[in-house]
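**Student:** So the protein lines, in turn, are chains C and H. Residues in the first sequence are numbered from 1 upward in steps of one, following this note's numbering. Residues in the second sequence are numbered from 1 upward in steps of one, following this note's numbering.
No lab work stands behind these hints: they were computed from the structure. Watch out, some of these pointers could steer you wrong.
[As the list claims (entries may be wrong)] Covered stretches of chain C, going by a simulated chain H footprint (3 or more residues, C-beta under 8 angstroms):
#, stretch
1, 24–38
2, 53–67
3, 179–186
4, 191–199
Computed from a predicted structure; not experimentally measured. The beta-carbon is built from N, C-alpha and C at its ideal position, and this holds for glycine as well.
Protein chains: 2
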Amino acid sequence: MEKGKLIVLSGPSGTGKGTICRELLKTGEMDLSISMTTRQPRTGEKDGVHYYFVSREQFLKTVEEGGLLEHAEIYGNFYGTPRAAVLEKLDKGRDVILEIEMQGAVQVKKSYPDAVLIFILPPSLEVLRGRLTGRGTETEEQISARSSQALSEIHRIYDYDYSIVNDSLRDAVSDVKAIIRAEHLRVGAGSEALVRKYEEEE
Amino acid sequence: MEKGKLIVLSGPSGTGKGTICRELLKTGEMDLSISMTTRQPRTGEKDGVHYYFVSREQFLKTVEEGGLLEHAEIYGNFYGTPRAAVLEKLDKGRDVILEIEMQGAVQVKKSYPDAVLIFILPPSLEVLRGRLTGRGTETEEQISARSSQALSEIHRIYDYDYSIVNDSLRDAVSDVKAIIRAEHLRVGAGSEALVRKYEEEE
């Protein structure tokens, strides 16, 4: 059976990668990777659905055992991507989508080089600032800092395989789908099975 | 302006790459590369539309000048892909499609490494034999020889970037489109212009 593809969506904050991710999952054609975290569950959050909630000790043990494709500490809590759960889905032929922070994306590529890294960009920094303003959770100064940070993050584009400018959700989703389809068509390790099929016919 | 992509469709004879090519051209989203040949025009064939018809001397002079992306001699006639015409279209941002024999495809990749090579495969050797029988132009022996040749050609898959099994024309056309879209989204030389756009905003 053809293996699934590990698709990593990342990019500066406020570029809409979460929305793209949710739209992709609606198609039912791919699975979401569930993160492991040491933070407390919020109301309504279920273990094994929204996150795998674990203790700090369990988390660090998993890291030591090489059980995470990537991990990071954010505001004192650990977050990571469990390797076994992802690999199991890929082996079953399911494409797995991972929406993570930029430092995590590069870690995934290192621990799983077949991962396909997609960088989501805002249509412009102005639009990005507009989106952050719309959220109403940050001061003008914070937004200005975020915009500068986004610009410096955009220079990390070369760590990625593909980039998508998210100026239309529909187009961005269809672009991700085109990338996934193309990646399945790439000649590589999976082509051996294809060639064998014709050989067995003769 | 973003450069166009050079898309090369190739594969064993009888896999339907010509039909896929014609369907793609119908979309108006890409241009066909017009070949140069030394063979005589057939009734209805127009110079500069179906082929560039040239003398043997002109053809060999063009080869010497490095004016062809690939060329081959078939049944005593020369055929080749004019470099300048293709590059001009690519520079204008048009995607160019090239449907050629397998030895030509590899030549194109050497002379234009950005070319995207797509290998078109039959659903099975049996289907391939059925298609060749349907043409009614070949003896049973010839068809059997063609099938063996196809199998040996299928082992050349690793010279290509992508492979598509043509068991449904619609799917095959949509697969080529997905590949072209994904290639436009690939991070590479073209990403510099994208990054500059954000820099200029600040």
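**Student:** Taking the hints in turn, state whether each one holds.
**Tutor:** For each hint, the structure was consulted:
1. For the stretch 24–38 of chain C, the stated coverage by chain H is violated: 0 residues have a C-beta nearer than 8 angstroms to a C-beta of that chain, whereas at least 3 were required.
2. Counting residues of the stretch 53–67 of chain C whose C-beta lies closer than 8 angstroms to any C-beta of chain H gives 0; at least three are required, and the coverage claim is violated.
3. Check on the stretch 179–186 of chain C: 6 of its residues sit with their Cβ under 8 angstroms from a Cβ of chain H, so the three-residue criterion for coverage holds.
4. Counting residues of the stretch 191–199 of chain C whose CB lies closer than 8 angstroms to any CB of chain H gives 6, so the stated coverage by that chain holds, three being the minimum.
This entry does not satisfy hints 1 and 2, going by the numbered hints stated previously.
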